[in-house]
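Residue 425 in the working numbering sits at position 425 of the sequence shown, with consecutive numbering throughout.
It is worth saying that the hints were derived from the structure and are not from the lab.
Some clues are possibly wrong.
Quick list of simulated restraints, FRET-style, between CB atoms [what the hints assert, rightly or not]:
(1) R137 / A213: 27 to 35 angstroms
(2) D311 / K227: 23 to 31 angstroms
(3) Y351 / D508: 46 to 54 angstroms
Ideal Cβ positions, reconstructed from N, Cα and C, are used throughout, including at glycine.
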Amino acid sequence: MQLSFLFSDGMVLQRGKTNIIWGNTKPNQNIEGTLEEKTFGGMADANGYFEIDLPDLPAGGPYTLTITADETRSIKDVMVGDVFLLSGQSNMELPLIRTRELFREELASTSEPDIRMFEVPKEYEFLEERQEVTGGRWMKAMGDDLYGFSAAGYFTAKDLKDRYKIPIGLMQTAVGGTPAKSWCSEAAIRKMGYYTDELELCKKPGYIKEVEAFEQAREQAWYQEAKESFDGMPLKKGTIQIPGIWCENEFANFHGTMRLTKQFYMKKEELKIPAEILLGTINDADVVYINGIYIGETGYKYPPRIYSIPDGVLKEGWNTVEIHLSIYREHGGFMPGKQYCIRLGKQYEVYIGLGGEWEYELMKPMKVLENSTFFTYYPAALYNGMLSPVRKWKYTAFLYYQGESNTILPERYVEEMEALIGGFRNLFQQELPFIYVQLAGFSDGREENQSTEWAVFRAAQEKSLAVDQTAMVVAYDLGEYNDLHPLDKKTLGHRMALAIRKLSYQEDVIFQGPFVSEIDVKEEGKVQVAFDGAGTGLEMRGREVCEVELMDANGTYYPASATIEGEKLIASSIRVKEPKGIRFAWRDCPMNANLYNKEGLPAWPFCREWE
Numbered sequence: 001m002q003l004s005f006l007f008s009d010g011m012v013l014q015r016g017k018t019n020i021i022w023g024n025t026k027p028n029q030n031i032e033g034t035l036e037e038k039t040f041g042g043m044a045d046a047n048g049y050f051e052i053d054l055p056d057l058p059a060g061g062p063y064t065l066t067i068t069a070d071e072t073r074s075i076k077d078v079m080v081g082d083v084f085l086l087s088g089q090s091n092m093e094l095p096l097i098r099t100r101e102l103f104r105e106e107l108a109s110t111s112e113p114d115i116r117m118f119e120v121p122k123e124y125e126f127l128e129e130r131q132e133v134t135g136g137r138w139m140k141a142m143g144d145d146l147y148g149f150s151a152a153g154y155f156t157a158k159d160l161k162d163r164y165k166i167p168i169g170l171m172q173t174a175v176g177g178t179p180a181k182s183w184c185s186e187a188a189i190r191k192m193g194y195y196t197d198e199l200e201l202c203k204k205p206g207y208i209k210e211v212e213a214f215e216q217a218r219e220q221a222w223y224q225e226a227k228e229s230f231d232g233m234p235l236k237k238g239t240i241q242i243p244g245i246w247c248e249n250e251f252a253n254f255h256g257t258m259r260l261t262k263q264f265y266m267k268k269e270e271l272k273i274p275a276e277i278l279l280g281t282i283n284d285a286d287v288v289y290i291n292g293i294y295i296g297e298t299g300y301k302y303p304p305r306i307y308s309i310p311d312g313v314l315k316e317g318w319n320t321v322e323i324h325l326s327i328y329r330e331h332g333g334f335m336p337g338k339q340y341c342i343r344l345g346k347q348y349e350v351y352i353g354l355g356g357e358w359e360y361e362l363m364k365p366m367k368v369l370e371n372s373t374f375f376t377y378y379p380a381a382l383y384n385g386m387l388s389p390v391r392k393w394k395y396t397a398f399l400y401y402q403g404e405s406n407t408i409l410p411e412r413y414v415e416e417m418e419a420l421i422g423g424f425r426n427l428f429q430q431e432l433p434f435i436y437v438q439l440a441g442f443s444d445g446r447e448e449n450q451s452t453e454w455a456v457f458r459a460a461q462e463k464s465l466a467v468d469q470t471a472m473v474v475a476y477d478l479g480e481y482n483d484l485h486p487l488d489k490k491t492l493g494h495r496m497a498l499a500i501r502k503l504s505y506q507e508d509v510i511f512q513g514p515f516v517s518e519i520d521v522k523e524e525g526k527v528q529v530a531f532d533g534a535g536t537g538l539e540m541r542g543r544e545v546c547e548v549e550l551m552d553a554n555g556t557y558y559p560a561s562a563t564i565e566g567e568k569l570i571a572s573s574i575r576v577k578e579p580k581g582i583r584f585a586w587r588d589c590p591m592n593a594n595l596y597n598k599e600g601l602p603a604w605p606f607c608r609e610w611e
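Put together the whole structure using the sequences plus the hints.
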């Protein structure tokens, strides 16, 4: 008898719905089973396939499921509670280990055996909608497995589990970097018409293997050349300031390898203290040595560089850190606003700074290493490869965090999301709430960046609320200007849990922040904004409301003075006598936006213009 990998010890079944068990055995085989002393049964078809309803059980556990066909199988530690499908890209996938800097003490003491996650293998498919997962297991939020949990999923589950005292299951399908088209069905892709050429190309026999083989050879040759370059003589030497992204200095267009070194001083008494080196985030890849001893390495730019320093590496007096830096494409450098230091002690009692002047050796200029072709990013790839295999499981809601890979075409995204949501509901045959996250703030390390590309995209995301049974979780205030993957997934999880309580549990709960209901232009150029979603009242966190701008008759926006009067926002600007528009939090990363309701939920970003 063959059962899906989903049917394994520790699994979580959805309460209040008819769950099924499916698999393969001998043709026309009788099947009998028990789930916590309740019996079930059926018969396999002529091909040996069976699909049988399981008995209903109340939330709780652990239960044991036993099934007998041509053999007997027992699945232990079965829980019944609420199950959520997680999907999207890296900010949904991001594991708890990446948030440990913010939640170190909390996570160190966490043991939540009733929160469980199944991570669906990351596999693409273009020729069919796959029927089964090819591996995986149910993990508990405890021990070493804890740090592999989706951080956003875990904190959502924790919020719900603490409130309702029921088991929570997470079906994790998110894959970093994926655009919306990856999660759309082939039928939707063909109906929209944007990506049919890509789809047909991926169906072409041998095409994917040919591309993968070519790119693997290209990358390995680049990496080998880069590695060998550090055995040669430098082409140039000098000093450079770290941190900084090298957009405007002499290395703005440099791709290849560099050696960077810096000395730091250690006292004798500090050598007994556990130590680690923090190097922020780096564009693109690094190999780190201290006193000539290998410490650690990272092959791409996004993960934080936090490397433990083994005992015996550090010495009294001057020590040398050495970085072998590889710059693949775009701009190299070290992300501003991050920590660059030697950190000592379990409670971080001592910091030895590494920012400032470093010595560099230019080792070898190289051709740009082109981006690899990630077939997980292609149309219908993950709908077929990851969603379809878990379509028979039962869920409470769909949770979706995605969009960073779609920001350049916001209007198309509206259409794609409508198709995507419909595709989810059709595939799973469940008209479930679809709860999605509006993009958090990010400006690629530019603290004063005035770009509005992501603001426009957030407005496009808002339009998906036109689809029934959807909720948008506003998160711009949780962003970090210098990190595409902000750490505060706990607050995000709380906000997602609020939306679940409203849409899935039908609770009378305030689950969203203030959003514009009416705008009036008053005398002397003042603009008055009224809101819905203000909950028990508006709240500004500071002396005035920040990130408010008014537009003049020429279409130029200027910063405005804004405050709260009663339940309304009042804005004015000495540079705008006759306002023709107002906007709030209308930047890629509106770091200073500070308008909330008293429940702590941020006001939605908005831009309104008039004649």
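Going through the hints against the structure:
Between R137 and A213 the beta carbon distance is about 31 angstroms. The supplied range of 27 to 35 angstroms therefore holds. Hint check: D311 to K227, Cβ distance near 27 angstroms, so the stated range 23 to 31 angstroms holds. Distance hint for Y351 and D508: a CB-CB separation of about 48 angstroms, consistent with the stated range 46 to 54 angstroms.
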